[in-house]
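**Student:** Here's the letter readout for the chains.
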Amino acid sequence: MVTEQQVLDALRAIQDPDLHRDIVSLGFVKDLHIERDAVAFALVLTTPACPVKDEMKKQAEEAVLRLTGVKEVRVEMKSEVRAMADAGGQLLIPGVRNVVPVGSGKGGVGKSTVSANLAVALAQTGARVGLMDADIYGPSIPTILGITDRPLPGKKGIQPVDAYGVKVISAGFFIRPDQAVVWRGPMLSKLVDQFLHEVEWGELDYLIVDLPPGTGDVQLTLCQRIPLTGAVIVSTPQDVALQVAEKAVIMFQQLKCPILGIVENMSYYICSHCGERENIFDTGGAERAAERWQAPLLGKIPLATRIREASDGGRPVGWDDPGSAAAAVFSEIAKNLAAQISIRHLKEEAEPAVKISF
Amino acid sequence: MAVNASSQPSPLEVGRANQHDVRIRWSDGSEKIYPARSLRLKCPCAMCVDENTGLRILKEPGIPLDVHPVKIEPVGRYAIVIHWSDGHNTGIYTWENLYELGQKLA
Numbered sequence: 607m608v609t610e611q612q613v614l615d616a617l618r619a620i621q622d623p624d625l626h627r628d629i630v631s632l633g634f635v636k637d638l639h640i641e642r643d644a645v646a647f648a649l650v651l652t653t654p655a656c657p658v659k660d661e662m663k664k665q666a667e668e669a670v671l672r673l674t675g676v677k678e679v680r681v682e683m684k685s686e687v688r689a690m691a692d693a694g695g696q697l698l699i700p701g702v703r704n705v706v707p708v709g710s711g712k713g714g715v716g717k718s719t720v721s722a723n724l725a726v727a728l729a730q731t732g733a734r735v736g737l738m739d740a741d742i743y744g745p746s747i748p749t750i751l752g753i754t755d756r757p758l759p760g761k762k763g764i765q766p767v768d769a770y771g772v773k774v775i776s777a778g779f780f781i782r783p784d785q786a787v788v789w790r791g792p793m794l795s796k797l798v799d800q801f802l803h804e805v806e807w808g809e810l811d812y813l814i815v816d817l818p819p820g821t822g823d824v825q826l827t828l829c830q831r832i833p834l835t836g837a838v839i840v841s842t843p844q845d846v847a848l849q850v851a852e853k854a855v856i857m858f859q860q861l862k863c864p865i866l867g868i869v870e871n872m873s874y875y876i877c878s879h880c881g882e883r884e885n886i887f888d889t890g891g892a893e894r895a896a897e898r899w900q901a902p903l904l905g906k907i908p909l910a911t912r913i914r915e916a917s918d919g920g921r922p923v924g925w926d927d928p929g930s931a932a933a934a935v936f937s938e939i940a941k942n943l944a945a946q947i948s949i950r951h952l953k954e955e956a957e958p959a960v961k962i963s964f
Numbered sequence: 138m139a140v141n142a143s144s145q146p147s148p149l150e151v152g153r154a155n156q157h158d159v160r161i162r163w164s165d166g167s168e169k170i171y172p173a174r175s176l177r178l179k180c181p182c183a184m185c186v187d188e189n190t191g192l193r194i195l196k197e198p199g200i201p202l203d204v205h206p207v208k209i210e211p212v213g214r215y216a217i218v219i220h221w222s223d224g225h226n227t228g229i230y231t232w233e234n235l236y237e238l239g240q241k242l243a
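Taken in order, these protein sequences are the chains called A and B. Note that the numbering used here numbers the first sequence so that position 242 is 848, with each residue one more than the last. Note that the numbering used here numbers the second sequence so that position 94 is 231, with each residue one more than the last.
Hints are not guaranteed to be accurate.
[Claimed, not checked] Computed list of lysine-lysine pairs in PhoX-like fashion (alpha-carbon distance at most 25 Å, straight line):
(1) B:169 x A:961
(2) B:196 x A:961
(3) B:241 x A:862
(4) A:853 x B:169
(5) B:169 x A:862
(6) A:796 x B:208
(7) A:953 x B:196
(8) B:196 x A:862
(9) B:179 x A:862
(10) B:179 x B:196
Derived from the structure by calculation, the hints contain no laboratory data. Since the structure is predicted, the reported quantities are computational estimates derived from the model, not experimental observations.
Take these sequences, add in the hints, and give me the full structure.
**Tutor:** Structural data, given as structure tokens:
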């Protein structure tokens with residue numbers, strides 16, 4: 607009969623392509639059972655949105671089946687998203703494992719569309735996802751996700767509204783459409799605090815935060831309150847947008863918030879008549895920025911009527927039309943982001959949080 | 138260019154050097170002592186330093202000789218806030234500034 611050690615040794619040959627370590631030393635292999643010629647175990651990945659989940663399962667099955675004396679292999683795929691914690695291992699917002707702001711320098715580059723579709727795509731992989739619309743000046747998440755319900759009071763705070771499997775809270779829920787927010791800094795900070803601590807988020811793997819444009823009070827407060835897992839920067843490809851996006855990058859770096867990646871929106875246009883690709887806002891901008899900022903390019907979103915219609919219609923494209931090219935783009939970005947978050951945690955484990963005792 | 142992540146050492150531990158003074162251990166192996174009153178006088182907040190000119194508004198004679206931190210808390214990933222025995226608590230000391238200050242105060 608095959609031994610546990612033999613099975614583990616066989617599995618050690620399988621690398622996680624993002625984390626660059628083998629799946630045994632990463633601690634992914636759990637609940638190993640051997641009964642005569644049948645082997646069963648679970649692979650507990652760091653995210654349900656793992657881009658190579660199916661491939662890894664196949665490799666694991668094949669590796670164990672190659673062992674002499676094994677006729678049957680059962681692999682159960684599970685996931686457990688790692689959390690940002692303080693030095694004492696405490697979660698900073700109870701239940702919330704990762705807080706990921708989505709920012710840009712300029713307005714109008716599609717931050718909210720990216721945030722909403724990213725949140726929905728992550729939730730579609732099975733992750734528990736929240737979306738905080740902190741763009742107090744122009745909250746557009748309720749429109750993009752077609753939310754007409756309003757949040758209800760819960761036992762301890764406000765209950766977020768569920769939309770397409772995502773728990774949503776938006777400044778738009780509390781401001782009438784005919785009102786404008788004309789607030790000074792302390793009011794903005796207070797709203798961010800309430801959204802973080804007085805919303806009943808429950809258990810979340812990822813809390814995506816849709817930021818207002820720029821580098822102001824909302825961004826600063828968010829970076830001060832909790833150690834963020836890292837930020838996503840959205841930009842269009844042209845220089846004028848990237849130059850301003852760089853200011854957001856510099857802000858996050860000054861505040862020691864890692865940059866998890868860049869999303870290029872309105873990347874190109876494919877003519878619906880002739881199929882020709884047109885680079886309306888230039889091309890290659892995000893690649894150059896990614897190199898300059900030393901951050902990965904998570905994906906490129908085309909300028910597509912389908913995405914615009916979905917956003918205005920309040921039905922995310924990944925939900926409405928899951929087989930479409932637009933849906934595939936968001937799904938790829940979500941998986942790449944989840945992988946970057948897992949990589950980030952591996953780095954954090956290597957350099958533990960500062961201990962403060964005074 | 139500021140876009141590259143700084144290679145400055147990161148803090149490992151903030152604790153007491155003695156009853157009043159602060160000690161910070163850094164990832165480059167160094168350990169710096171921050172005498173309490175010197176640190177209070179270096180408070181970077183807008184009430185202690187003019188935001189536009191960078192000139193110090195804080196007057197040294199007004200600060201008690203035995204001023205000391207009562208509590209130190211983290212601020213996100215990039216700084217700490219010190220609650221002082223004289224009631225002052227608006228100064229955000231970034232790790233970057235603290236490392237540089239450590240070279241000067243030592």
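**Student:** Against this structure, judge whether each hint is valid.
**Tutor:** Status of the hints after comparison with the structure:
1. B:169 x A:961: 15 Å, holds
2. B:196 x A:961: 32 Å, violated
3. B:241 x A:862: 23 Å, holds
4. A:853 x B:169: 32 Å, violated
5. B:169 x A:862: Distance of about 21 Å is within 25 Å: holds.
6. A:796 x B:208: Answer holds: residue 796 of chain A to residue 208 of chain B is near 23 Å, not above 25 Å.
7. A:953 x B:196: Roughly 43 Å between the alpha carbons, so the hint for residue 953 of chain A and residue 196 of chain B is violated.
8. B:196 x A:862: 31 Å, violated
9. B:179 x A:862: 22 Å, holds
10. B:179 x B:196: 11 Å, holds
In summary, the numbered hints that this structure violates are 2, 4, 7 and 8.
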